[in-house]
Amino acid sequence: MELSVEALGGLQLCGDSAHVSDKAFIVLVRRVCDNLLKDSTDTSVLDDEGLSNVDRAVLKLCFASLVTLVLEAAKHDSDASTISTILEDCKFTADRIDILNKIFISKKPEIQALLSNIGHTPPHIVDVDWRLDFYLKNNHVDKVNEPVYMVTLKTEEGGQEETKDVQFACSMEQLQDLVGKLKDACKNLEKASQL
Amino acid sequence: MLLLLEDEHKEHLEFLTSVDLEVVKEFCRIAMEFIRKGPNLKVYHTAAQKLDVNAEAVQHVVEGLMYLLTECAKLMISEIDFQDSIMTLGFQEDLKQQLVQFYLENRKEIRAILCKMSMDLPHYHNLEWRLDVQLASRSLRHHITPIVTMKLHTGDCETKEVTVLQTDAVNLLHLTQTLQQALDEMKSSHCRRIVRNINK
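Chains as they are written, first to last, in the numbering used here: chain A, 1 to 195; chain B, 1 to 200.
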């Protein structure tokens, strides 16, 4: 994991208790993680009471560099020791390193989940609905008499909450074919997981 | 079930009693071509000239035959019911047999053509799948996520559609199980009872 000179400069400021008090540091690290995970977007970091005695310009720099650190660490799946090494170089005290590691490690899975949603993927199937009809007749043909399944695949795209539907009909034979192919895929997936 | 013929329809078909059996065969063939490809006026004229009658009469008899065949095929009328339905036309035995024979030979094809004309919903055609393991992306390195990417082919008579979808292991299993349940439902006593009663 490599950080830019700007980010490292910001971290150095952040580790300096003359600029950021111990109390403010905890608040700041929490805010960094929460903001990334959009847990609290109602107030801006600059308006946070716990950070009121930190200089505005310093606060901005510290926030930006901590966000960079957290994202890069999550991206590379860094452990506490890697982060410690970087922070030690930025003159962080052992206490502060501990605090940051503790908060970061607890939030890491969530941040990584967020990162994994970035980028383009085909619609992801999350559920399926089906309906079974018996097709009797239409205006051209009488006594068609065959079962018809209406299948609706529910899909999610790009981490959006709304699902989109993919709909199609299939006869008994076609559904058998579909299920057969899906079972084949399941079996192969299981085999691959045992490698 | 009997097909009730209207008077006008009967009049048109009566023409068949005045021609040879070979000609009836030819008319049946032309009626079948009508069902397959639509009307061909040129054939009517040629036939009319050969038989020395007016083209309108030929057109009426071909259309009458076509209507008789499609209606009977639509209702899936049985051999005996077909015989009884055309009884009212007062045809001779060999002519009647000829029509019955022709009807039975072509019923399946006519029904297939009619089915093609009916309203259809996008149908499942094929599913292709492949198994990927995502290893890294720009925003996240070092992960191992198995992904099943699928290509779903659907479509009706005219249009074909391909949808690319993906899913994970848990959802794939859920999808398979749910659709298997759907298949099993057709074998349930409720469904079997209904189907048996409809098919009676």
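These are calculated hints, taken from the structure and not from any lab test.
Where a beta carbon is used, it is the ideal one built from N, C-alpha and C, also for glycine.
Certain hints may be false.
[Said to hold, decoys possible] Partial list, computed: chain A residues near chain B (C-beta under 7 Å):
| # | residue |
| --- | --- |
| 1 | G50 |
| 2 | F63 |
| 3 | S116 |
| 4 | H140 |
| 5 | V141 |
| 6 | A185 |
These are the hints, each one checked on the structure:
1. G50: This interface hint is violated because 30 Å lies over the 7 Å limit.
2. F63: violated, 20 Å
3. S116: At about 5 Å, which falls below the 7 Å cut-off, the nearest Cβ of chain B leaves the hint on S116 of chain A intact, so it holds.
4. H140: holds, 4 Å
5. V141: holds, 5 Å
6. A185: holds, 5 Å
Hints 1 and 2 from the list above are not met by this structure, while the remaining hints are.
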